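Colleague: Residue numbers (our numbering), protein chains in the order written: chain A, 1 to 115; chain B, 1 to 110.
Keep in mind the hints are simulated off the structure, nothing from the lab. Quantities reported herein were computed from a predicted structural model and do not represent experimental measurements. Backbone N, C-alpha and C fix where the C-beta goes; we use that ideal spot for every residue, glycine too. Among the hints, a few may not be true.
[Unchecked claim] Just a few of them, taken from the derived set where beta-carbon distance is under 7 Å, the chain B residues facing chain A:
#	residue
1	48
2	52
3	97
4	101
5	102
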Amino acid sequence: DTGVSQDPRHKITKRGQNVTFRCDPISEHNRLYWYRQTLGQGPEFLTYFQNEAQLEKSRLLSDRFSAERPKGSFSTLEIQRTEQGDSAMYLCASSLFRLEYNEQFFGPGTRLTVL
Amino acid sequence: KNEVEQSPQNLTAQEGEFITINCSYSVGISALHWLQQHPGGGIVSLFMLSSGKKKHGRLIATINIQEKHSSLHITASHPRDSAVYICAVNSGGGADGLTFGKGTHLIIQP
């Protein structure tokens with residue numbers, strides 16, 4: 001395992017459809033993060049997990065968004081009833097959390113286009 | 001909520017020039033990150049620092065905690081350095097998600 005992987009890399013969907021993205025972190029990493037990046041902007045934090053526990057959620061994560069990390073390894077991010085405003089790059093990152101040091105390693109992202 | 005500001009937003013320079021990108025933030029942090037993003041989206045972590053200065057190859061990052069300011073320098077810039085450079089901070093206190101600046105779009109012309 002050489003890094004964080006995300007699947008799919010690109011997703012085109014019609015408004016109103018549900019989509020699910022997957023993130024596989026670096027194998028020994030205990031923390032996993034989801035971010036969203038719209039065109040021309042910096043990424044924005046959505047949520048993160050420590051092992052299987054979801055520790056923090058941004059107010060950006062509306063009730064149409066749900067994230068899971070059921071076994072503390074891979075994670076899924078589901079968007080229900082997609083809207084055109086959901087079009088963005090969804091980035092996943094992972095880290096091996098230590099109090100004095102917590103560098104995050106990013107995946108390649110999933111680019112979502114909602115038509 | 002921490003506000004992260006970067007300057008400049010866009011920078012075009014000639015190969016070989018010394019490049020400086022600045023980042024300021026509004027609230028005390030536990031760590032500051034400099035990230036590089038190439039077209040297509042992939043993000044690479046360049047530096048994570050909480051004090052002082054770090055150097056890696058032609059890249060140097062400095063941080064002044066009292067002034068809530070950090071700089072990223074590139075010496076002897078090269079066209080392959082062309083990318084978006086993003087500053088991000090950990091605000092600490094249990095909130096571990098990064099807060100990002102909007103990025104600086106750097107183009108190095110040969």
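Colleague: Holds or violated: is there a CB of chain A closer than 7 Å to the CB of residue 52(B)?
Modeller: violated, 15 Å
Colleague: Does the nearest C-beta of chain A fall within a distance shorter than 7 Å of the C-beta of residue 101(B)?
Modeller: holds, 5 Å
Colleague: Residue 97(B) was flagged as interface toward chain A. Is the shortest Cβ-Cβ separation under 7 Å?
Modeller: Hint holds; residue 97(B) Cβ to chain A Cβ min 3 Å, cut 7 Å.
Colleague: Please check whether residue 48(B) passes as an interface residue: C-beta within 7 Å of a C-beta belonging to chain A.
Modeller: For residue 48(B), the interface hint holds, since the closest Cβ of chain A sits about 5 Å away, which is under 7 Å.
Colleague: Are residue 102(B) and chain A close enough, Cβ to Cβ, to be under 7 Å, as the hint says?
Modeller: holds, 5 Å
The structure does not agree with numbered hint 2 stated previously, though it agrees with all others.
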